[in-house]
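Sequence lines, in order, name chains A and B.
Those letters in the first sequence? Residues 529 to 834, by this note's numbering.
Those letters in the second sequence? Residues 928 to 1455, by this note's numbering.
If you're looking for bench data, these hints aren't it; they were derived computationally from the structure.
Because the structure is a prediction, the values reported are computed rather than measured.
Note that CB positions come from ideal geometry on N, CA and C, so glycine has one too.
Hints may be right or wrong, so weigh each one.
[To be verified] Covered stretches of chain B, going by a simulated chain A footprint (3 or more residues, C-beta under 8 Å):
1) 990-996
2) 1165-1177
3) 1323-1331
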Amino acid sequence: MTRQLLRRLAALLPVALGVATLTFALIHLVPGDPVSAMLGDYAAPADVAQMRHDLKLDLPLWKQYGAFLTALAHGDLGQSISQHEPVARLIGEHYPATLELAGAGLVVAIIIALPLGIIAGADAGGPGDIAAMGFAILGISVPHIYLGPLLMIIFSLRLGWLPLTGRGGFAHLVLPALTMGTALAAILARMLRQSLVQVTGADYMRTARSKGLSERAALIRHGLRNALTPVITLVGLETGALLTGSIVTEMIFSWPGLGRLLMTAINNRDYPLVQGCVLTFALSYVVVNLVTDFLYSAVDPRIRLR
Amino acid sequence: MAQGNLKSTRIVTCAKALARAAITSMLTLAACTKPASLVPPGYLQIDLPTAPTAIDPRITADAISSRTAELIYDSLVRIDRDGAFTGDLAERFERPTPTEIVFYLRRNVRFSDGRPFTARDVKFTYESILSPATLSIKRAGLVELAAVTIIDDYTLSMTTRRPYAPALALATIGIVPYGSPVPGNVANPAPPGTGPFRLARFARDEAVILARNPYHQFPANAVPGLALKVVPDPTVRVLELTEGICGFAENDALQAELVPYLAEQPHLRIVRSPGSTYHYVVFNFRDARLRDLRVRRAIAYAIDREAIVASMIRGNARVASGVLAPENWAYDGDVMQYPYDPAMARSLLEAAGYSAHARPLRLTYMTTPEGLRLAEVLQAMLRRVGIEIDIHTNEWATFYSDLRNGNFDIASSQWVGIGDPHQYYEIFDSHMTPAAGGNNRGDYSNPQMDQLVEAGDTTIDPAARRAIYGDVQKLAAADLPYVSLWWDDNVAAFDRRLAGFAPYPNGSLIALATAAFPVENRTVRNAQ
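Just chain A, with the same shape it has in the complex (with noise of 0.2 Å):
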């Protein structure tokens, strides 16, 4: 097992360099220069030359792909140009907000998910599977952009029980993650039940009722755990979307996480921003996966990592 995972965590390192190669290609492609952005619309001649030449945005781009690279091996991943705060601050300063966010998004999934999901599950075609999956499509079809400010109205505005906007306690943390959370639960929903359905007639499942086990016994013990492999490897998948599509959510709530500070760097062309931020993206995606692989098999113990 320990192997394993040394293997898989080796793995991550191509992965690395390979995002780390695509980003620094990507924004350096883009038009637009950051010492423009930086100095803006009066600065003499000498004085972007001199930046250009102190940010080593002089120097032929494999060198500058070098430096980056070297520089990155080291654990430092720059200085923000529009910022002037070194990015590995930056990114420590609202990464945990994001994966709070994220976090918080996915258990909320979870926690309407699988009820929904059983309820539907259990009684496909009756008036419980009828509701749960009417609720799964209202869900999926109401944008964040949408559902943010209502539940602030509802929830912050008319009853006061919760903060509007900004991130402090457990209490700000409610609005955004129900936001975040409800498309995915209906995902999830929709996927649980569909896979409940299919193992209800499975072999398994009719030797366990003909064993003496209550219907409920039956499902909970043999028929979620084999229904929940598809959503697993479904929660792995989104889980990376929710940590990388949180710039909306962010936005509505003022929440100050990477989603946000990825934007302003991009405008700004803050390249070593960009570069920290999406290389902390993409390795949050890839960790992500592979906790859901591991996961597999404690749920599954026929899928065994290799």
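With chain A fixed as given, assemble chain B onto it according to the hints.
Below, chain B without anything else, positioned relative to chain A:
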């Protein structure tokens, strides 16, 4: 089968109970957790659309950062409501020679940490900006500065490399105490200042909390501090204003179409005042078609600017005649005007050899996603006279790069916070191309204009200078390197009980330095 259904119903009931319990527990827990408030009680919350990236006045670049820094740092002189320079840390100033300004500093001024302010702090601030290690955007603006010399603790002089009329603009930079570390290399984002507020907390991308500077005079009942909170979503900003969570928002923070809704709220007051932000269309003179004055004038006549201001901007602007707004001391409105006249536009185009069918005029128009609405309006208006424009929309950095590299036929943009008419030199002098550090992005070249704007920079006498810029404005309107569109109004929405707010044409938040609640402070909900 019947038993199966019964079991299934029990599972459903069980799952429903689970769902109910989960949701109820979450809401109960949330309701019990008291929100950790970022905004201290009694503080006036100001909603900002974007976050300040820096507070230190030596490096602030964007408008929001500069406006935040103005609240903490005083400068030697400040631009007043007429766009003229007035003393700030300098009690008075004089110009003994065309290349020298002597500043007499106010005494008994202290930084917010109690240190006394002297000429040494001024010299240090300027040296710090000019040091390459600071990587400051402001270094470029000081290119005309030759030296800052301390005469005594409360007197200093600034000399320029040549007679330079707008030299006082060099003295509008916020002053930090002697020995303040280079920005960015320390955890503290801002040294103390002598302004009305001091930085209490800088939560990057969230809020800037400003408390009163204890060494600064302020009126009784003044708000104890300001909380500049970053709220990127325009709808949420309106919700916060209508609910009394936010006490003040202005200009970029307010969407024009939502202002009438805010005006209906009984606890809010909307104040409109003339602004100086100037919107224009720039022509690229590298294109032979646009070097033809008849084509430029045809485009000017084809744009119905009254209609744009009335419908697209909901009346929150004035149709512009030139770069300088009427409040500016050098303004001259007696210039050639271009009222909406599509027939005139068509006949000018015909005279220039263009017709919609035989030889159509097709131009590339560069804009940003925010400028797309204006682009589409202009496209429709120009199509009526037979000009087709292809709109290219890019995010800001790419658009800006295209603009500086001359990669456009026509484009629209804006100049924010224009004070001194020296701006004309930056944008219309033929030597001031982007490659030379200027902003003549359309490569406009007219020897008469060059002579005028260069004379404007070196003429110190205000009356003579005013006459020169009168001629500059007349020539710019006749020769049309830009089509003037409009000057934005400043629009502020704030708590009706707030007193002491008097808007500045450039939208400066320093107007809030004397903000006060006359009777008892409004209870601000701490739902942030």
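Structure-based check of all given hints:
1. 990-996: violated (count 0)
2. 1165-1177: holds (count 4)
3. 1323-1331: holds (count 7)
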